[in-house]
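S.K.: Per this note's numbering: the sequence shown ends with 142, consecutive numbering throughout.
Please keep in mind that the hints were generated in silico from the structure rather than gathered at the bench.
Here a beta-carbon is modelled for each residue, glycine too, at the ideal position from N, C-alpha and C.
Don't take each hint at face value.
Stated by the list, open to error - Distance windows between CB atoms, simulated:
| # | residue 1 | residue 2 | range |
| --- | --- | --- | --- |
| 1 | V128 | E37 | 28 to 36 Å |
| 2 | V128 | K103 | 26 to 34 Å |
| 3 | E130 | D95 | 31 to 39 Å |
| 4 | Q23 | Q70 | 28 to 36 Å |
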Amino acid sequence: MNTFLTDYQMASLVEAIQTAENQSTGEIRIHIDSTTEGNNAEIAFEVFKKLCKDQTAEKNAVLFHVNFEQQYLTIIGDEGIHKKVHQQFWDQMHDEITTAFSKGKYFEGLKKGIVETGIELKKHFPIVGENPNELPNEITFS
Numbered sequence: 001m002n003t004f005l006t007d008y009q010m011a012s013l014v015e016a017i018q019t020a021e022n023q024s025t026g027e028i029r030i031h032i033d034s035t036t037e038g039n040n041a042e043i044a045f046e047v048f049k050k051l052c053k054d055q056t057a058e059k060n061a062v063l064f065h066v067n068f069e070q071q072y073l074t075i076i077g078d079e080g081i082h083k084k085v086h087q088q089f090w091d092q093m094h095d096e097i098t099t100a101f102s103k104g105k106y107f108e109g110l111k112k113g114i115v116e117t118g119i120e121l122k123k124h125f126p127i128v129g130e131n132p133n134e135l136p137n138e139i140t141f142s
């Protein structure tokens, strides 16, 4: 199903998501798409609506939608986080991750993106009281 990341690397990414989410009320998802042949941005938004949009109390979920075969990455933040970090943050992160991808460093690029997203979520959405895990941490596929 996925030849770009090993099972160990995927487990490490899930662990990085858990670590990031344990420091804020935000949620992070990764979806790896190997079936899309149409408009990747439109498909990514559909996946975002299904997996993330309006599913967190503070609207602070982030989706990394990756199509390795087409060398395509979309990062989408729900309204709450997007209002705090703005488009420039996502654009810079996108550039850093795709630069890593261009060097074959798929795991490293995604992990760095997760860590940086976690740092921003912690700044803007600190934990106050309970911190329920509002979304699953596993990587999803299509």
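S.K.: Give a verdict on every hint.
M.R.: How the hints compare with the structure:
Between V128 and E37 the Cβ separation comes to about 44 Å, which falls outside the hinted range of 28 to 36 Å. Hint check: V128 to K103, Cβ distance near 40 Å, so the stated range 26 to 34 Å is violated. Distance hint check for E130 and D95: the Cβ-Cβ separation is about 36 Å, which falls inside the suggested range of 31 to 39 Å. Between Q23 and Q70 the Cβ separation comes to about 33 Å, which falls inside the hinted range of 28 to 36 Å.
When each numbered hint is compared with the structure, violations occur for hints 1, 2.
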